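2 protein chains.
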Amino acid sequence: MTEVSRTDDSFHVFDTTLRDGAQREGINLTVADKLAIARHLDEFGVGFIEGGWPGANPRDTEFFARAAAELELRTAQLVAFGATRRAGGKAAEDPQLAALVASGAPVVTLVAKSHDRHVELALRTTLDENLEMVRDSVEFLRAQGRRVFLDCEHFFDGYRANREYALAVVRTAHRAGADVVVLCDTNGGMLPAGVRDTVADVIAATGARIGIHAQDDTGCAVANTLAAVDAGATHVQCTANGYGERVGNANLFPVVGALELKYDRRVLPEGRLAEMTRISHAIAELVNLAPSTHQPYVGFSAFAHKAGLHASAIKVDPDLYQHTDPELVGNTMRMLVSDMAGRASVELKGKELGYDLSTDRDLAGRVVAKVKQQENLGYTYESADASFELLLRDEVRGSRERFYRLESWRTISEQGPHGVSGNEATVKLWAKGERRIAIGEGNGPVNALDQALRTALEGIYPPLATFELVDYKVRILEGQHGTGSKTRVLIESTDGTATWSTVGVADNVIAASWLALEDAYTYGLIRSGLEPTE
Amino acid sequence: MTEVSRTDDSFHVFDTTLRDGAQREGINLTVADKLAIARHLDEFGVGFIEGGWPGANPRDTEFFARAAAELELRTAQLVAFGATRRAGGKAAEDPQLAALVASGAPVVTLVAKSHDRHVELALRTTLDENLEMVRDSVEFLRAQGRRVFLDCEHFFDGYRANREYALAVVRTAHRAGADVVVLCDTNGGMLPAGVRDTVADVIAATGARIGIHAQDDTGCAVANTLAAVDAGATHVQCTANGYGERVGNANLFPVVGALELKYDRRVLPEGRLAEMTRISHAIAELVNLAPSTHQPYVGFSAFAHKAGLHASAIKVDPDLYQHTDPELVGNTMRMLVSDMAGRASVELKGKELGYDLSTDRDLAGRVVAKVKQQENLGYTYESADASFELLLRDEVRGSRERFYRLESWRTISEQGPHGVSGNEATVKLWAKGERRIAIGEGNGPVNALDQALRTALEGIYPPLATFELVDYKVRILEGQHGTGSKTRVLIESTDGTATWSTVGVADNVIAASWLALEDAYTYGLIRSGLEPTE
Numbered sequence: 001m002t003e004v005s006r007t008d009d010s011f012h013v014f015d016t017t018l019r020d021g022a023q024r025e026g027i028n029l030t031v032a033d034k035l036a037i038a039r040h041l042d043e044f045g046v047g048f049i050e051g052g053w054p055g056a057n058p059r060d061t062e063f064f065a066r067a068a069a070e071l072e073l074r075t076a077q078l079v080a081f082g083a084t085r086r087a088g089g090k091a092a093e094d095p096q097l098a099a100l101v102a103s104g105a106p107v108v109t110l111v112a113k114s115h116d117r118h119v120e121l122a123l124r125t126t127l128d129e130n131l132e133m134v135r136d137s138v139e140f141l142r143a144q145g146r147r148v149f150l151d152c153e154h155f156f157d158g159y160r161a162n163r164e165y166a167l168a169v170v171r172t173a174h175r176a177g178a179d180v181v182v183l184c185d186t187n188g189g190m191l192p193a194g195v196r197d198t199v200a201d202v203i204a205a206t207g208a209r210i211g212i213h214a215q216d217d218t219g220c221a222v223a224n225t226l227a228a229v230d231a232g233a234t235h236v237q238c239t240a241n242g243y244g245e246r247v248g249n250a251n252l253f254p255v256v257g258a259l260e261l262k263y264d265r266r267v268l269p270e271g272r273l274a275e276m277t278r279i280s281h282a283i284a285e286l287v288n289l290a291p292s293t294h295q296p297y298v299g300f301s302a303f304a305h306k307a308g309l310h311a312s313a314i315k316v317d318p319d320l321y322q323h324t325d326p327e328l329v330g331n332t333m334r335m336l337v338s339d340m341a342g343r344a345s346v347e348l349k350g351k352e353l354g355y356d357l358s359t360d361r362d363l364a365g366r367v368v369a370k371v372k373q374q375e376n377l378g379y380t381y382e383s384a385d386a387s388f389e390l391l392l393r394d395e396v397r398g399s400r401e402r403f404y405r406l407e408s409w410r411t412i413s414e415q416g417p418h419g420v421s422g423n424e425a426t427v428k429l430w431a432k433g434e435r436r437i438a439i440g441e442g443n444g445p446v447n448a449l450d451q452a453l454r455t456a457l458e459g460i461y462p463p464l465a466t467f468e469l470v471d472y473k474v475r476i477l478e479g480q481h482g483t484g485s486k487t488r489v490l491i492e493s494t495d496g497t498a499t500w501s502t503v504g505v506a507d508n509v510i511a512a513s514w515l516a517l518e519d520a521y522t523y524g525l526i527r528s529g530l531e532p533t534e
Numbered sequence: 001m002t003e004v005s006r007t008d009d010s011f012h013v014f015d016t017t018l019r020d021g022a023q024r025e026g027i028n029l030t031v032a033d034k035l036a037i038a039r040h041l042d043e044f045g046v047g048f049i050e051g052g053w054p055g056a057n058p059r060d061t062e063f064f065a066r067a068a069a070e071l072e073l074r075t076a077q078l079v080a081f082g083a084t085r086r087a088g089g090k091a092a093e094d095p096q097l098a099a100l101v102a103s104g105a106p107v108v109t110l111v112a113k114s115h116d117r118h119v120e121l122a123l124r125t126t127l128d129e130n131l132e133m134v135r136d137s138v139e140f141l142r143a144q145g146r147r148v149f150l151d152c153e154h155f156f157d158g159y160r161a162n163r164e165y166a167l168a169v170v171r172t173a174h175r176a177g178a179d180v181v182v183l184c185d186t187n188g189g190m191l192p193a194g195v196r197d198t199v200a201d202v203i204a205a206t207g208a209r210i211g212i213h214a215q216d217d218t219g220c221a222v223a224n225t226l227a228a229v230d231a232g233a234t235h236v237q238c239t240a241n242g243y244g245e246r247v248g249n250a251n252l253f254p255v256v257g258a259l260e261l262k263y264d265r266r267v268l269p270e271g272r273l274a275e276m277t278r279i280s281h282a283i284a285e286l287v288n289l290a291p292s293t294h295q296p297y298v299g300f301s302a303f304a305h306k307a308g309l310h311a312s313a314i315k316v317d318p319d320l321y322q323h324t325d326p327e328l329v330g331n332t333m334r335m336l337v338s339d340m341a342g343r344a345s346v347e348l349k350g351k352e353l354g355y356d357l358s359t360d361r362d363l364a365g366r367v368v369a370k371v372k373q374q375e376n377l378g379y380t381y382e383s384a385d386a387s388f389e390l391l392l393r394d395e396v397r398g399s400r401e402r403f404y405r406l407e408s409w410r411t412i413s414e415q416g417p418h419g420v421s422g423n424e425a426t427v428k429l430w431a432k433g434e435r436r437i438a439i440g441e442g443n444g445p446v447n448a449l450d451q452a453l454r455t456a457l458e459g460i461y462p463p464l465a466t467f468e469l470v471d472y473k474v475r476i477l478e479g480q481h482g483t484g485s486k487t488r489v490l491i492e493s494t495d496g497t498a499t500w501s502t503v504g505v506a507d508n509v510i511a512a513s514w515l516a517l518e519d520a521y522t523y524g525l526i527r528s529g530l531e532p533t534e
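Those protein sequence lines, which keep their order, are chains W and A.
Using UniProt numbering, the letters of the first sequence map in sequence onto residues 1 to 534.
Using UniProt numbering, the letters of the second sequence map in sequence onto residues 1 to 534.
A few of these clues could be false.
The list treats identical chains as interchangeable, and a pair is accepted whether it falls inside one copy or across any two copies.
[Unchecked claim] DMTMM-like, lysine to aspartate or glutamate: derived pairs with alpha carbons at most 20 angstroms apart:
1. Lys90 with Asp356
2. Lys370 with Asp9
3. Lys486 with Asp325
4. Lys372 with Glu25
5. Lys262 with Glu132
6. Lys486 with Glu414
7. Lys473 with Glu270
8. Lys351 with Glu458
9. Lys486 with Glu43
10. Lys486 with Glu327
11. Lys486 with Asp33
12. Lys370 with Glu401
13. Lys372 with Glu414
14. Lys473 with Asp319
15. Lys351 with Glu70
Hints in this document: simulated from the structure, not taken from any laboratory.
Computed from a prediction, not measured in an experiment: that's the story for all the values here.
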């Protein structure tokens, strides 16, 4: 990609994944993680990346040191976060402000109190001294050549409690030289109408440039952010995938999606929006959380349609059935092969997998019939693309591709007198003309079975060594018959580059798991380019 | 709890979890699941429960038949969903409308096209005939004594494409006797400001009572729903936990939370809001999805505060740091140093089961500590009242009540060369001083284990003969480790008069099932009045 310079300062997309997003329960980032996330955010094209609080903890201090040496940002500017100086002190002598300057970040976000009771209760100082802390701190950083944004913590609650004081904080920061005063809904209790009215009033009353920082406690953080923009805010603080304390922060991706696609406002450099889905998932991997399948714009399910009723109309005009073109955000439309499966939807699904079924109506009909038959047994293919593709290949070839022939399997689980338990499995099969028997142990019978199958095949099919089961789901069907019900197992596998999902249905969890495991190994081996042997 | 009647029809909380929510990728509900979810929704206090589309598939038809016989709703009315009659036909002769009437539901939601291009492309009829279909269908159902709500599919896109036609559909339905005309953002592309303006215009132009049905594709479904209410809508369609097609629907819980706590508008019967967290989680278990930890109001993390900076200030005045009191929605504030189970919730739960823990703070503390320890292991007591009561009794008595002492169990599952499979289990235990060994067979290892335990005990404890397992659910925890993950099993049992739920967690499905089975039998025997023997 070519270098992109962003000289347009009229609207700020400000990311705080590395600072506020990292507050999410369960997230724990290393410096290397933070650097990698910063590169993704820069590639996406945000204007500002808040990297942390230098001086507050060794990790954040190290991040800024390494960022200065290693991080070549093309689009974004790095931002250091800190607080106004101590009550009763001087900004020029405040070690915390000195650490912000020492970080080398060209931009500093200072957090200040703007709610009178927080000043008294948490800061334990006077309202006047808090204003003085704002003025002194902003002026000090401006004198050091830093651009300053001021985060007004608990602004909306403060505005409701004491409007005049909240406005005085904004005015003080503005006059002292803060470029943007950011109104923070720290407790996240606001709704869009209230945000809109408050932002409009603050802009009218102070003339300051206003930003918005919304938390998602009412489920309205994206809407609150947009409501602030509607009222004149020109700086939005967001986090990738909405990570953040409690419920989370305003999610960067739907905010940018709305601004670019609904407001028709260019807030990213040209060509970056199409990276959104990939970058959302990459950041999820880095923070070690599964990407949310149901996230707006970028989720795996965000443009998934149940087949049936509308499939033929979708073929004619997809725009009638989706709010935006998924390719604009790097996502794709998917047809779910559900129990409403008709020929049109199977054809669409086949096309998605690279099979043209529209020219062979007989084949498409056989696939539909087979899907219906399988779904009557309890199979579902909407979450098992790999099993569906195997079914499709069966119908194209007339038979199942096999890498071995099973003779038998067996699992034994037991718990002894002192609570000691164990699981073992044996697998007997024929592959490449050879009979192979193997035993596996595991912390459960399915795990033991997986180990046994792997042991039996690994010497013959080396790609198997890279396969890993990454998710395993069990669903009991027909809840009326207790443990005698049918069981459906979904397995997600990976070879390190791709992931694929398979399904098995049987009277019991072990037999169902076996079927899903077989599909997983068969699909993985076909994917790796091996020829079926049996 | 006492009977609650809802005579106030001025605002409708309309739930469509069982119809539109069930469209979510990966959700596949049995009739028993749907009945159980309906009971939870009724307990929560929604006004309407849309149960499905009778006649469209056998499962929904069966749901309405069984609902009529088995479902005793205290607050909600059951709603059947269907479409306007076929183009060119007569409502009185339409088999689909006949199925709606036959369902016996007192209320019917009819979906109609309101976007001119959808009428032409998907319905393949004229704009006039579509209006006629609306009029005829609504009048027919009204004449059959049904209350009718009309869902205008793709309304907002239709309004933008052809305002006059979209309004004509609303007017036609209103004049034909539809009580509410629901504007659906079917593709989910709307933002709050647009919803507000459109709803206001529709109300002014038609005088109809307006409802809102929002999809979450922009991440604004909750805000869009509230924007419609701001503009005068008095009927909100939501789904539990926001389940629904693609990204999902407007989430019932933050919508109700906002209306009750931010608008100060009573939309639930007195006392039900505090059930919100429990019911959200119970429904998640029923649809077999992990409850979202970051869901507004009801998520495990929704009121979780990172310890540090604010901890002491939070102690002084928690209201400064949370947007609402978590107890109002049945949730608890958590400091993230420890995973708090919450004394208050344990006391409440104990009270519900007939144990007064508020007088014995030491006992309550021990129960909290035990729950916390168990929850760390993966237990959840929200859907396992019987296991919780056993835990409570353990702490009251100081030891577990036992009817036998286990020596060992073992299960063997196997599949032979010709696909013949079998499952057997052995159980060895001591009861009333006697060693008993028994073998069981079943269509799965857990079923075999259940049979073996039953055989070992039945002669000694006759009430066991009436026990039956009616539901069995498996959830894999920590989806990152494949088949090596922890497994949680929930079992629902009955003795023909009462039902009870138990939970077991272990490294594998069989060991977890054994623990849940043990609790199920122990609780059932205590219930039957027998004295523990060991």
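Here's how the hints hold up against the structure:
1. Taking identical chains as interchangeable, the C-alpha atoms of Lys90 and Asp356 are never at most 20 angstroms apart, the minima being 62 angstroms within one chain and 40 angstroms between chains.
2. Taking the shortest Cα distances, Lys370 and Asp9 never come within 20 angstroms of each other, neither inside one copy (45 angstroms) nor across copies (48 angstroms).
3. Within a single copy, Lys486 and Asp325 get their C-alpha atoms no closer than 33 angstroms, and across copies no closer than 40 angstroms, so neither meets the 20 angstroms cut-off.
4. Taking the shortest Cα distances, Lys372 and Glu25 sit within 20 angstroms of each other only across copies (17 angstroms), while inside one copy they are farther apart (33 angstroms).
5. Taking identical chains as interchangeable, the C-alpha atoms of Lys262 and Glu132 are never at most 20 angstroms apart, the minima being 41 angstroms within one chain and 34 angstroms between chains.
6. When the C-alpha separation of Lys486 and Glu414 is checked against a cutoff of 20 angstroms, the pair qualifies only between copies, where the shortest distance is 17 angstroms, while the shortest distance within a copy is 23 angstroms.
7. Taking the shortest Cα distances, Lys473 and Glu270 never come within 20 angstroms of each other, neither inside one copy (32 angstroms) nor across copies (39 angstroms).
8. Taking identical chains as interchangeable, the C-alpha atoms of Lys351 and Glu458 are never at most 20 angstroms apart, the minima being 33 angstroms within one chain and 57 angstroms between chains.
9. Taking identical chains as interchangeable, the C-alpha atoms of Lys486 and Glu43 are never at most 20 angstroms apart, the minima being 31 angstroms within one chain and 30 angstroms between chains.
10. Taking the shortest alpha-carbon separations for Lys486 and Glu327, neither the intra-copy value of 30 angstroms nor the inter-copy value of 38 angstroms comes in at or below 20 angstroms.
11. In the homo-oligomer, the alpha carbons of Lys486 and Asp33 lie at most 20 angstroms apart only across protomers (15 angstroms), although the nearest pairing inside one protomer, at 24 angstroms, exceeds that limit.
12. With identical chains, the CA atoms of Lys370 and Glu401 are at most 20 angstroms apart within one copy only, with a shortest distance of 17 angstroms there and 52 angstroms across copies.
13. Proximity of Lys372 to Glu414 under the C-alpha cut-off of 20 angstroms is found in neither arrangement, the shortest distances being 38 angstroms within a copy and 28 angstroms between copies.
14. Taking the shortest Cα distances, Lys473 and Asp319 never come within 20 angstroms of each other, neither inside one copy (34 angstroms) nor across copies (40 angstroms).
15. For a Cα distance limit of 20 angstroms, the shortest separation of Lys351 from Glu70 qualifies neither inside one copy, at 28 angstroms, nor across copies, at 45 angstroms.
Consistency with the previously given hints fails for numbers 1, 2, 3, 5, 7, 8, 9, 10, 13, 14, 15, ordered from lowest to highest.
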